[in-house]
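K.L.:
What follows is each chain in one-letter form.
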Amino acid sequence: MAIFYILLLFMIIAAFIAVETKYLLGAVICVGAIGFGASIMFLFLQAPDIAITQIVVEVLALIILIRACISRELTFISGPREFFGVVVSVVIIFVIFLAGIKILETLPDFGTAIFAEVPNAASQTYIKEGLVKTGAANLVASVILDFRAYDTLGEATVLFTAIIGATVILRKKTKKLLEEAE
Amino acid sequence: MKGMTIIVKTISSWVKVLIFLFGIYIVLFGHLTPGGGFSGGVILASCYVLLMLAYGREFAEKNLSLPVASKLDCVGALLFAAIALCGLLYGAAGFFWNFIQWEYLADKETALHLVSAGTIPLSNIAIGLKVGASLFLVVLVLSIFRPDMSVLDTDEKE
Amino acid sequence: MSIPLPVFVAVPLVTAFLLPVFSSLGRKGKAVATVLANMVTVSLLVMAVASIGQSRVYEVGKWSIPLGINLVLDGLSSLLLLAISIVSAAAMLFSARYMEQYTAKAKFLCLFLLMIAGMNGVVLSGDIFNLFVFLEIASLASYALVGFGCEHEELEASFKYMVLGSIGSIFVLFAVALVYGNTGSLNMAYVSKAIQGTGLNPGLAFALCLFVAGFGLKAALVPFHAWLPDAHPSAPAPISAMLSGILIKTLGIYALVRVVFNVFGISVQMGWILVVLGLLSMIAGAFLAIGQGDFKRLLAYSSISQIGYVVLGIGLGGLILARDGNVAWASLAILGGLFHLVNHAVYKSLLFLTSGSVQMSTGTRQLKQMGGLAEKLPFTRATCTIASASIVGIPPFSGFWSKLILVIAAVQAAFYWVAALIVFVSLCTLIMYLKVQRYVFLGELPENLEQIEEQKGSMAIAMVFLALLCMLMGLLLVPALRSNILQPAVDVLTDGISYSANVIKMSMKV
Amino acid sequence: MHYALCFLLFVIGLYCAVTKKNMVKIVIGIIVMEYAVNLFLIMLGYRLGGVAPIIDKGQLESGTGQIAASFINSSVDPLPQALVLTAIVISLGSLALMISICIRTYEKYGTFDITQIRRLKG
Chain A
1 MAIFYILLLF MIIAAFIAVE TKYLLGAVIC VGAIGFGASI MFLFLQAPDI AITQIVVEVL
61 ALIILIRACI SRELTFISGP REFFGVVVSV VIIFVIFLAG IKILETLPDF GTAIFAEVPN
121 AASQTYIKEG LVKTGAANLV ASVILDFRAY DTLGEATVLF TAIIGATVIL RKKTKKLLEE
181 AE
Chain Z
183 MKGMTIIVKT ISSWVKVLIF LFGIYIVLFG HLTPGGGFSG GVILASCYVL LMLAYGREFA
243 EKNLSLPVAS KLDCVGALLF AAIALCGLLY GAAGFFWNFI QWEYLADKET ALHLVSAGTI
303 PLSNIAIGLK VGASLFLVVL VLSIFRPDMS VLDTDEKE
Chain F
341 MSIPLPVFVA VPLVTAFLLP VFSSLGRKGK AVATVLANMV TVSLLVMAVA SIGQSRVYEV
401 GKWSIPLGIN LVLDGLSSLL LLAISIVSAA AMLFSARYME QYTAKAKFLC LFLLMIAGMN
461 GVVLSGDIFN LFVFLEIASL ASYALVGFGC EHEELEASFK YMVLGSIGSI FVLFAVALVY
521 GNTGSLNMAY VSKAIQGTGL NPGLAFALCL FVAGFGLKAA LVPFHAWLPD AHPSAPAPIS
581 AMLSGILIKT LGIYALVRVV FNVFGISVQM GWILVVLGLL SMIAGAFLAI GQGDFKRLLA
641 YSSISQIGYV VLGIGLGGLI LARDGNVAWA SLAILGGLFH LVNHAVYKSL LFLTSGSVQM
701 STGTRQLKQM GGLAEKLPFT RATCTIASAS IVGIPPFSGF WSKLILVIAA VQAAFYWVAA
761 LIVFVSLCTL IMYLKVQRYV FLGELPENLE QIEEQKGSMA IAMVFLALLC MLMGLLLVPA
821 LRSNILQPAV DVLTDGISYS ANVIKMSMKV
Chain V
851 MHYALCFLLF VIGLYCAVTK KNMVKIVIGI IVMEYAVNLF LIMLGYRLGG VAPIIDKGQL
911 ESGTGQIAAS FINSSVDPLP QALVLTAIVI SLGSLALMIS ICIRTYEKYG TFDITQIRRL
971 KG
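Protein chains in written order, with my numbering: chain A, 1 to 182; chain Z, 183 to 340; chain F, 341 to 850; chain V, 851 to 972.
These aren't lab readings, by the way, just hints derived from the structure by calculation.
Any given hint might turn out to be false.
Said to hold, decoys possible - Listed below are the simulated DSS-like cross-link pairs for lysine-lysine, each with C-alpha atoms no more than 25 Å apart in a straight line:
| hint | chain 1 | residue 1 | chain 2 | residue 2 |
| --- | --- | --- | --- | --- |
| 1 | F | Lys845 | F | Lys533 |
| 2 | F | Lys402 | A | Lys173 |
| 3 | V | Lys958 | A | Lys22 |
| 4 | V | Lys958 | V | Lys871 |
| 5 | F | Lys368 | F | Lys845 |
| 6 | A | Lys173 | F | Lys533 |
| 7 | V | Lys958 | F | Lys500 |
| 8 | A | Lys128 | F | Lys368 |
| 9 | Z | Lys253 | Z | Lys191 |
Claimed, not checked - Label pairs and their computed distance ranges (CB to CB):
| hint | chain 1 | residue 1 | chain 2 | residue 2 | range |
| --- | --- | --- | --- | --- | --- |
| 10 | F | Ala722 | A | Lys175 | 28 to 34 Å |
| 11 | A | Pro108 | Z | Leu203 | 51 to 57 Å |
| 12 | A | Glu20 | F | Trp612 | 38 to 44 Å |
| 13 | F | Ser404 | A | Pro108 | 41 to 47 Å |
| 14 | F | Lys775 | A | Ile92 | 55 to 61 Å |
| 15 | Z | Leu271 | F | Cys549 | 41 to 47 Å |
| 16 | F | Val375 | A | Lys102 | 56 to 62 Å |
| 17 | Z | Leu203 | F | Met379 | 23 to 29 Å |
| 18 | A | Val91 | F | Leu808 | 39 to 45 Å |
| 19 | A | Lys175 | F | Gly797 | 48 to 54 Å |
Since this is a predicted model, take the numbers as computed values, not measurements.
By construction, the Cβ of each residue, glycine as well, lies at the ideal position given by its N, Cα and C atoms.
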């Protein structure tokens, strides 16, 4: 149990450094630290598929982010650090954090999963009959690709849209003069 | 950008085979061991990105050029949509109906074998192909884009 | 004949996956891609008209309700499907000719079809996480399409739109996580059953606020409207017609209404929140729009105020329903709101298409640099006048009837100040569109615009198709048509929570 | 208490995305928010002393092929893991699009600072 606190604190400190540092590359590396902390956290939360995906997606995200800010001369963020704005936002964060504690009390506390209490939750049938109904031993794969396969179709489309969007925005010649059109 | 030092190049030339093999293992055994279409595809993409970083973009382009990668992306997506649609046509049952319904589902001998989960391994392969190709495509497109706009004409054939 | 529901999403998706293959085949490939895309949108229109007014449940993968995902077609979603297919058919037809001035047309058509598939997925889905996934598809496609021209303004507008849109989507995802944490299921019918059972604890109330904030960001209601006045003008004309005409309605208002009325159940406070949001958007949109010099920015601000009408109508209906349960009055107000939603989809997209054709001919969007285009662009002038007449609310056209219903509903429910505000804002809209007519079409022709000529071909057909619809929409109120198009949608909202009972009953039959 | 720390991470991301002036910093804020929501979803499904939801030879009773009772009441919830797998790849997709817009804007404007990119009114 204590490992979760350590990892969460590590991630919060890394997030705070990422937000406040003036050195752009440093901020990107702190985001990498949060990602790796999250992936270790997933391992301890018994989610191996997510840990594998998270680490490798984290590596690719780091490469994409570093691509955006490494080859730029402007690696330092100029401009004064206005003191008043920081204090106000820290106070707002603290208030929202307190409200969050009260709101998140209604959830079942950390160790007890929700699907155990709810009488006919879907997850109970996933675990009991997942192997019989879909034949997949990895229940997460059976949920992704058989019980909720429509989500994964949406998921593949999201990635497809993002790729086509990135290619469209980074294309070379964007406008043609009208007479050249026909 | 001719890639990194000789040490990185030699190591990455050995390691790339292992990464690729590991990615294929994760995709194929997705329904038995942790992993699956997404993790395997991302690992395949990271193998190609390693090549690109170590040897520079031209080398990576020779292996998997931009038009080929976008074609693979579309083929993977179409394969996955085809698996979904033939669930619909196969006895007009359901959109994503698992139509390879062997009787193995009930008995236990063939339960935990490689070919034991109907359409799940097929869609794992389709998703792995698609995620791998499209993530490599993203990193390639981002690295090709030069401010002086010299390259990147994927479709300026008009 | 009952069309299997996933076809509405699968057809545009499969075509979208095919289109990038055409992008490298040169001019012949581009023509084939355009024809294919137009065929898809027209077939979607035919399927939407064929399935108007029906209601059924489709379980994906033949898994019963709590296990798998189910697609729900009821009165409200068939009305939205119809509106989506009308606007996208016209915009696709328009973009066949208009997009000649941009490169990478096959990729544009692919993103356009993905946006349609995302919107169809949002309207049909019966599962909140699935709603989030398809909401993400439609928004990602629209972020890329807003920045399609890669000019200075377009890139900055699409970045601002993307940042606010992503924050909105993350709010929705956090709310879905909270709902799953409190109720244990993701299916809308089972979630609303669990909420009726346990009542609204603080966690679910916070989830409801996050939903309202997330979908409000997508619908550009006033506190969250910062991105709309930049995103819509800088997008290419068919895209800003789609964005303003239908995207903010399906991603924003439909999702908000579905979650508030059918999943959480309307309460007096939520009714007041919707009415206040509607009023704020209505007034702020109108005031900001009057001072605009840019044609499309004026249209974008007027979209914010018209969205305020729709949210006001539906919020008023919800308030009446929650406060004193008078279903007749509430259904009249909701009828006004929904009818205005469909009307606004038609004539706002027509206005953006006309602004696109004016921009393509004259090359500028500034009202001050135009004038006297009446005889140069006869088609555009006729359609723009029809659209302005119906948005302002001149009797024979459709806009008048929906505003009339809203005013009657407000007066009937003793909200006199709301009715007064509605009339006042429609006066401001009148001033706005008189200004547009004066600057663009009347007045003297500047010398540098002597030799411009009208764009014939598919652009004119699309505009005429929408203009005809503007005139005929008034017939929707005829009892015969109303009872099977508008009334089922209103009934879905007025009987709120029993949505879950209907869905489970329908799924039992299948 | 774990949920509250996760929510704090979410709020830090929101703060960074809303108040920072540098484009890459705003993108970093959005990524931190995505991480926080993914973590929150997985923590919802966790069970004390739980087991990963993967059935292998050990959990199958040899004779009947039924799943061992110990696995059923100690397995972690597979549903949030399926949602998070989708959410991770969605966040990577939107990150790629945002970074491509940032790079293109940097090429046009020469800076990442949105105060200097204020061509648009309103």
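K.L.:
Please go over all the hints and tell whether each is borne out by the structure.
P.N.:
Going down the list of hints, with the structure as the test:
no. : hint                             : result
1   : F:Lys845 to F:Lys533             : holds, 13 Å
2   : F:Lys402 to A:Lys173             : violated, 47 Å
3   : V:Lys958 to A:Lys22              : holds, 23 Å
4   : V:Lys958 to V:Lys871             : holds, 18 Å
5   : F:Lys368 to F:Lys845             : violated, 51 Å
6   : A:Lys173 to F:Lys533             : violated, 54 Å
7   : V:Lys958 to F:Lys500             : holds, 16 Å
8   : A:Lys128 to F:Lys368             : violated, 55 Å
9   : Z:Lys253 to Z:Lys191             : violated, 28 Å
10  : F:Ala722 to A:Lys175: 28 to 34 Å : holds, 29 Å
11  : A:Pro108 to Z:Leu203: 51 to 57 Å : violated, 42 Å
12  : A:Glu20 to F:Trp612: 38 to 44 Å  : holds, 39 Å
13  : F:Ser404 to A:Pro108: 41 to 47 Å : violated, 25 Å
14  : F:Lys775 to A:Ile92: 55 to 61 Å  : violated, 41 Å
15  : Z:Leu271 to F:Cys549: 41 to 47 Å : holds, 44 Å
16  : F:Val375 to A:Lys102: 56 to 62 Å : holds, 58 Å
17  : Z:Leu203 to F:Met379: 23 to 29 Å : violated, 44 Å
18  : A:Val91 to F:Leu808: 39 to 45 Å  : violated, 58 Å
19  : A:Lys175 to F:Gly797: 48 to 54 Å : violated, 20 Å
Going through the hint list in order, the structure does not satisfy hints 2, 5, 6, 8, 9, 11, 13, 14, 17, 18 and 19.
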